[in-house]
Amino acid sequence: MSAEIAITLTVNGERVARRVEARRHLVDFLRLDLGLMGSHTGCEHGFCGACTVRVNGAIVRGCLVLAASLDGAQVETIEGVSDSGEIRDLQDAFIARNAAQCGYCTPGMLLTAADLLKHNPAPTRAQIREHLSGNYCRCTGYHAIVDAVAAVAAKRNGRATP
Amino acid sequence: MKAPPLSYVRAATLSEAFQLWRDAGPDARLLAGGQSLLATLAFRLSDPGTLVDIVRLHELRGISQVGGTTIRVGALATHAELGRHDLIRRHLPLIAEAVPLIAHAAVRNRGTIGGSLAFADPAAELPACCVALDAMIVARNAADERRIPAAQFFTGLYATALRPYELIAAVEFPIAKPGERTAVLELARRSGDYAMAGVAAKTRLAGATLIEPQLVFFGVGDRPVVAERAMATISGQQALPATIAAAQAALAADLDPPADRHGSGRTKRHFARVLLARALARLAGLDEARAA
Amino acid sequence: MNEIADPGSIDRPNSYIGKSVPRPNVKKLVEGRGQYVDDIVLPRMVHVALVRSSLAHARITGIDGADALDVPGVLAVFTGGDLAAHCAPWVGVLAHLKGMKSAPQRPLPIDRATWVGEALAAVVAETRAIAEDGAARVRVSYETLPAAVDMGTALEAGTAIIHPELGDNLCFERVNETGNVEQAFAAAHKVVEATFHTARHTGVTLEPRSILADYNRASGKLTVYHSTQAPHMMQGVFAKHLGLPEGDVRVICADVGGSYGIKVHVYPDEVAVAAIAKIMGRPVKFIADRLESFSSDIHARDHRIKGRMAVDANGRITAIDIDDLTGIGPYSVYPRTSAVEGNQVVSLVGGPYDFANYHAKTAVVFQNKTPTSQYRAVGHPIATAITEGLVDLAAEAVGLDPVEFRRRNLMADGTYPRTSAAGLKFEGLSHIASLDKLLAMMDYAALRSEQERLRGEGIHRGIGLAAFIELTNPSPFMYGIGGARISAQDGCTVRIDPDGSVVAATGVTEQGQGTEAIMRQIVAEGVGVPIEQVRVVTGDTLTTPYGGGTWACRGTGIGGEAALQSAIAVKGAVLAIAGAMLQAQPETLDLTNGEIVERGTGRARMPLAELARIVYFRGDTLPADLPRELIQTRHFITKQYPFAFTNGIQASYLELDVETGLVKLLKHWCVEDCGRVINPLLVDEQVRGGIVQGIGAALYEECPYSSDGQVLVGSMADYLVPMAAEMPDIEVGHVETPTRESLLGAKGAGEAGTAGAPAAIMNAINDALRPLRAKVLAQPFTPERILAALGKV
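Chains A, B and C, in that order, are what the protein sequence lines are.
If you're matching positions, the first sequence starts at 0 in numbering that gives the first Met the number 0 and goes up one per residue.
If you're matching positions, the second sequence starts at 0 in numbering that gives the first Met the number 0 and goes up one per residue.
If you're matching positions, the third sequence starts at 0 in numbering that gives the first Met the number 0 and goes up one per residue.
Worth flagging that the hints you see were computed from the coordinates, not collected in a lab.
The reader is advised that the hints may include incorrect statements.
To be verified - Selected chain B positions facing chain A (Cβ under 10 angstroms, derived; list incomplete):
#1 ILE147
#2 GLN151
#3 ARG265
As the list claims (entries may be wrong) - Heads up, simulated SDA-like pairs for lysine to any residue below, C-alpha to C-alpha not over 20 angstroms straight-line:
#4 C:LYS791 - B:ALA252
#5 C:LYS663 - B:PRO257
#6 C:LYS663 - B:GLY191
#7 C:LYS666 - A:THR123
#8 C:LYS305 - C:GLY482
#9 C:LYS436 - C:GLN639
#10 C:LYS663 - B:ILE62
#11 C:LYS791 - B:SER263
#12 C:LYS791 - B:PRO257
#13 C:LYS666 - A:GLN126
#14 C:LYS27 - A:LEU35
#15 C:LYS239 - C:ASP81
#16 C:LYS791 - B:ALA187
#17 A:LYS117 - B:GLU80
#18 C:LYS666 - A:ALA149
#19 C:LYS189 - C:LYS18
#20 C:LYS18 - C:GLN639
#21 C:LYS663 - B:ARG277
#22 C:LYS436 - C:ARG452
#23 C:LYS791 - B:GLY235
#24 C:LYS666 - B:ASP221
#25 B:LYS176 - B:GLY235
#26 C:LYS27 - A:LEU33
#27 C:LYS791 - B:ILE62
#28 C:LYS663 - C:GLY482
#29 C:LYS791 - B:GLU80
#30 C:LYS27 - A:GLY34
#31 C:LYS791 - B:ARG71
#32 C:LYS663 - B:ARG188
#33 C:LYS26 - A:GLN126
#34 C:LYS424 - C:PHE616
#35 C:LYS424 - C:LYS666
#36 C:LYS774 - B:GLY191
#37 C:LYS239 - C:GLN639
#38 B:LYS176 - B:ILE62
#39 C:LYS663 - B:ARG189
#40 C:LYS239 - C:ALA83
We treat Cβ as the ideally placed atom computed from N, Cα and C, and that holds for glycine.
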């Protein structure tokens, strides 16, 4: 049995204290310990991006971070940014543009897209594709996702949709 | 797959880290960014027993200029920090250029330079860049600190000159000299993948003449490979087609790439020849001339 | 006939069919509040990890689970022998595929492992991590047997026969022949020939295969939460093989994280999980991890195809002859079988073209590799690559531009119905209109001159075309006539609740493609209510009409027609009641936007909610003999044609780095004709997603094996899937030729992209290579293969 570690951290603005198995990664912690099922495990070895969440404001692969190492951290998930309304415009654009089909990649894709727009408010299509290139989507072919992100960037910048 | 059963200890100070490491034994692994380690644990390829988390050690952080000639990068500097840090962008453009080639944004936010060098993946960008830039790896154990030239640090496939209970504390880079030009190029089938082949290159230019050129290939051997013969061929020469062709021919003796999923050794050597020509074009400003 | 039949007028009142309406069920997905199988947690739930074979072919001499049982939290270890008494074996054959054979397969094999990755034992534990700890301590003793690995030698003497009782490694063989091929080749002006390879690859659904089976001993009921495309089929499978009455099995399929055909099959490990749930009497969950997915999800498209084409002096195709060989794994997959892909290839080759002489042979052989079966666009991308590859070779041989060659040979519009050389019946296609539209969208002439100009600068660009047909709306001729309990019919129940809102329950399922949105549009328009008032129920065998689910592009064409007919029936029932209440003839009334109105004037007479209130709560005020059935069910099945074929054409524009062999995709176009388009937004994204899956096959995806049958991909680091940075923008256009078999007129659209993309990419690469006298015919077109073709490595 893996050793258990006591951690206290903030998840979506709520303070949580738990004892976690040392080997448990952040996505399993969110899903199994906190019941936050919005972050998905797609590969568990850092290649698919479905588990993308934010730790201390930066996006990370949830499967490549141990929960035990997050004592004192601020974690935000798709549920948190949905409730806060922070990425409402991105979510609306994904719906309007049918940029989510099965939805399994979508939480990670949205958090990655939000990260791009934070660092680069006016990305080109190529830059959008590059920034999302660590997030696998089997359904859409990516075009609609790029459209949706470009539309939000344009709207945030007060321009018409390109 | 889930990681095998583990113990986890977190160090608050460097000395505590060495103590915890000793207590856990030689199989224990240091956990920094974890971007390679946790992936390998998910394959259950190793069973380290204990992870010693060093990610909070202030002693291993920070990017600073030391005197007029050196940039010191703490081992825990993440790829993302390297990519946006003003000192790196100004004085180590090769590193700044390499960062976007490393995996993807979410990985660059956690992955550290120390972790990358210690993992010593032969296809990784930063080890080759460190060799090309004549970086010094600052290694620490509980008692001492020593400096290992990057060219001697990588000793084989995923193997380094680090001794038991020794870690990377920092990397020291000589600041780029006036007239120095660098380039990192790689061939990857998809953005963010480990390269099929890559090269980190550096030279000074006297007019059009290449002075002390460095060509360090990655993804074509068991470690970063310094193309000594190719470098000798172009040193003191201009990057003219005949010189480039001679350097490409010289690569045959510099490289003996093992086959991998991207192709045979012969294919990888071909990639290296192409990269060599493109890197020299970059270094000599030929591509800029063509663009203009 | 209903006014819905007119596809030209999408601006009718209360109309949704033909409009880009967003999907009602996506909001929860973008907020991370969907419910995939792994999100479901039940009391006393336990987890399974599987011990998988490390050898391609071996006798199992022992499985020792004692050490595993010592791991705290491990509850049980099951072997094939343990499950044998609880689960009957199956054989994956279809009677109409003459001569097909396969061997009985069990959820876990009893004495023999037949591929690397085959599940041999199941460890049950309190958590998945502990189950894996246990699995790592199960010791399997093997006696290695010779493996049949290379399909090229599968039928040769000296190759191990995987199932000796079958006599050889031949699963199925078929020859499809029309006219006189030999004569046509003898008389040909030009003959071109080539050998093509398509690579064994797999689906990589982002949500792995997932199942949670819960058996209640007291009620005797098995409830299975399953990430599947075919809940009713799985209900029957679990019932039959676990010895339960079908009515005691309920399959619930909530959100599915991608399927693409991967999740329409019966997987032995999933049946094992259901059997274990029945034995243990508690909920048992199995979520495949990515590593085991690569060796246990079905593979597909492992084909070597020799092809030749005869052309006359006018550049007209006179004959096609192909010889297809495919390796499928040690068992034919149940119940769809592993022979359908090869069978499709010999039916679909040459599909878009007008020619008389055809000979196509497929041989489907067993191998000690992961079983293959139906994956998105089954057989189509293979057939299209062969056909379009030969077409480009033929165009070159007779000195015609690829567009002109296609124009001369594509089946002419307006010549339908007709039957193809391969024996396919086409109700109505639009190849020439689609070609013209494509050329206009891409500005073909301008691209050709750009290509020419850039060649002068040493930049090598290529333009590749690929015309295709796609089989959709299947009838029982696909599976049912072969004895498989797979429904080609589908049903929909539409009811009006007391508040005037509408609930539609359909047998087709939602995999993310937009089924619920499509049904909502159809039902809202068919009944005559605002779309917001329609809720759609899918994916529950207890509450939806029996149906086939999602496969072969049938959801909209079959399920949609059932929904439309059922909605129209409900509307009729409403108007009959309204007539009685308003003392009007029902024919003088209409239902629009939730209001009973006077037909013609549109004058509002009564809200639907008021009618529903009276029906449900004040039925005493209605005439005693008035029927008041505000719920109607209709079913639909195609009867005139075995399949509703669609058609289309794709084009790729790319740039080839001739020094590195790397391909940069610049743009991709597709024009497709899926009949009536219900929702352009959804159809376009189906096409785009399908194209990128096809691009994956063309450029990246491959499950290579070592000579001893070890699969050489284990993770997403080795198995490359298409990612955003390398994919092109994709422009989609439509031609609409509705099927007359249904009022709705819709055909399928989900596989067209995948059908044509690999051929378009191949032809574009070869177009770029043509001046360099090189070509590539083996997918995936890796840098090394391209460099080898160029003689550089």
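Quick rundown of the hints versus the structure:
1. The criterion of a C-beta within 10 angstroms of any C-beta in chain A is not met by B:ILE147, whose closest approach is roughly 28 angstroms, and the hint is violated.
2. Evaluation of the B:GLN151 hint against chain A yields a violated restraint, the C-beta minimum of about 30 angstroms exceeding 10 angstroms.
3. Of the supplied interface hints, the one on B:ARG265 is violated, with its beta-carbon coming no nearer than about 28 angstroms to a beta-carbon of chain A, more than 10 angstroms.
4. Proposed proximity of C:LYS791 and B:ALA252 is supported: the alpha carbons are some 18 angstroms apart, at most 20 angstroms.
5. For a cut-off of 20 angstroms, the pair hint linking C:LYS663 to B:PRO257 is broken: about 26 angstroms separates their Cα positions.
6. Restraint check: the Cα-Cα separation between C:LYS663 and B:GLY191 comes to about 16 angstroms, which is no more than 20 angstroms; the hinted pair holds.
7. About 16 angstroms separates the Cα atoms of C:LYS666 and A:THR123, which keeps this hinted pair within 20 angstroms; it holds.
8. Restraint check: the Cα-Cα separation between C:LYS305 and C:GLY482 comes to about 32 angstroms, which exceeds 20 angstroms; the hinted pair is violated.
9. Pair hint C:LYS436 plus C:GLN639 does not hold up; C-alpha atoms about 30 angstroms apart against a cutoff of 20 angstroms.
10. About 37 angstroms separates the Cα atoms of C:LYS663 and B:ILE62, which puts this hinted pair outside 20 angstroms; it is violated.
11. A hinted pair counts as satisfied when its Cα atoms are at most 20 angstroms apart, and C:LYS791 with B:SER263 qualifies at roughly 12 angstroms.
12. For the given pair, C:LYS791 sits about 18 angstroms from B:PRO257 by alpha-carbon distance, which is consistent with the 20 angstroms threshold.
13. Only pairs whose Cα atoms come within 20 angstroms are accepted, and C:LYS666 paired with A:GLN126 is accepted, the gap being roughly 17 angstroms.
14. For the suggested pair C:LYS27 and A:LEU35, the alpha carbons sit about 13 angstroms apart, so the restraint of at most 20 angstroms is met.
15. For a cut-off of 20 angstroms, the pair hint linking C:LYS239 to C:ASP81 stands: about 18 angstroms separates their Cα positions.
16. At most 20 angstroms may separate the alpha-carbon atoms for a hinted pair to count; C:LYS791 and B:ALA187 meet this at roughly 18 angstroms.
17. Our distance criterion of 20 angstroms between C-alpha atoms is met by A:LYS117 and B:GLU80, whose separation comes to about 16 angstroms.
18. Between the alpha carbons of C:LYS666 and A:ALA149 the distance comes to roughly 18 angstroms, so the proposed pair stays at or under 20 angstroms and holds.
19. A hinted pair counts as satisfied when its Cα atoms are at most 20 angstroms apart, and C:LYS189 with C:LYS18 does not qualify at roughly 48 angstroms.
20. Our distance criterion of 20 angstroms between C-alpha atoms is broken by C:LYS18 and C:GLN639, whose separation comes to about 28 angstroms.
21. Annotation: proposed proximity of C:LYS663 to B:ARG277 holds, straight-line Cα distance about 18 angstroms (limit 20 angstroms).
22. For a cut-off of 20 angstroms, the pair hint linking C:LYS436 to C:ARG452 is broken: about 25 angstroms separates their Cα positions.
23. A hinted pair counts as satisfied when its Cα atoms are at most 20 angstroms apart, and C:LYS791 with B:GLY235 does not qualify at roughly 30 angstroms.
24. Proximity of C:LYS666 to B:ASP221 is assessed by CA-CA distance (about 38 angstroms); at most 20 angstroms being required, the pair is judged violated.
25. Our distance criterion of 20 angstroms between C-alpha atoms is met by B:LYS176 and B:GLY235, whose separation comes to about 17 angstroms.
26. For the hint pairing C:LYS27 with A:LEU33, the CA-to-CA distance comes to about 19 angstroms; that is within 20 angstroms, so the pair holds.
27. Between C:LYS791 and B:ILE62 the CA atoms are separated by roughly 44 angstroms; this puts the pair beyond 20 angstroms, and the hint is violated.
28. Our distance criterion of 20 angstroms between C-alpha atoms is broken by C:LYS663 and C:GLY482, whose separation comes to about 47 angstroms.
29. A distance of roughly 40 angstroms separates the Cα atoms of C:LYS791 and B:GLU80; the hinted pair therefore is violated under the 20 angstroms criterion.
30. This hinted pair checks out: C:LYS27 and A:GLY34 have alpha carbons roughly 16 angstroms apart, not beyond 20 angstroms.
31. For the given pair, C:LYS791 sits about 43 angstroms from B:ARG71 by alpha-carbon distance, which is inconsistent with the 20 angstroms threshold.
32. Of the supplied pair hints, the one linking C:LYS663 and B:ARG188 holds, its CA atoms being roughly 10 angstroms apart against a limit of 20 angstroms.
33. Between C:LYS26 and A:GLN126 the alpha-carbon distance is near 26 angstroms, which puts this suggested pair outside the 20 angstroms criterion.
34. Annotation: proposed proximity of C:LYS424 to C:PHE616 is violated, straight-line Cα distance about 52 angstroms (limit 20 angstroms).
35. A C-alpha spacing of about 33 angstroms is found between C:LYS424 and C:LYS666, which places the hinted pair above 20 angstroms, so the restraint is violated.
36. Under the criterion of a C-alpha separation no larger than 20 angstroms, the hint pairing C:LYS774 with B:GLY191 is inconsistent with the structure, at around 29 angstroms.
37. Restraint check: the Cα-Cα separation between C:LYS239 and C:GLN639 comes to about 32 angstroms, which exceeds 20 angstroms; the hinted pair is violated.
38. At most 20 angstroms may separate the alpha-carbon atoms for a hinted pair to count; B:LYS176 and B:ILE62 meet this at roughly 19 angstroms.
39. Proposed proximity of C:LYS663 and B:ARG189 is supported: the alpha carbons are some 10 angstroms apart, at most 20 angstroms.
40. For a cut-off of 20 angstroms, the pair hint linking C:LYS239 to C:ALA83 stands: about 14 angstroms separates their Cα positions.
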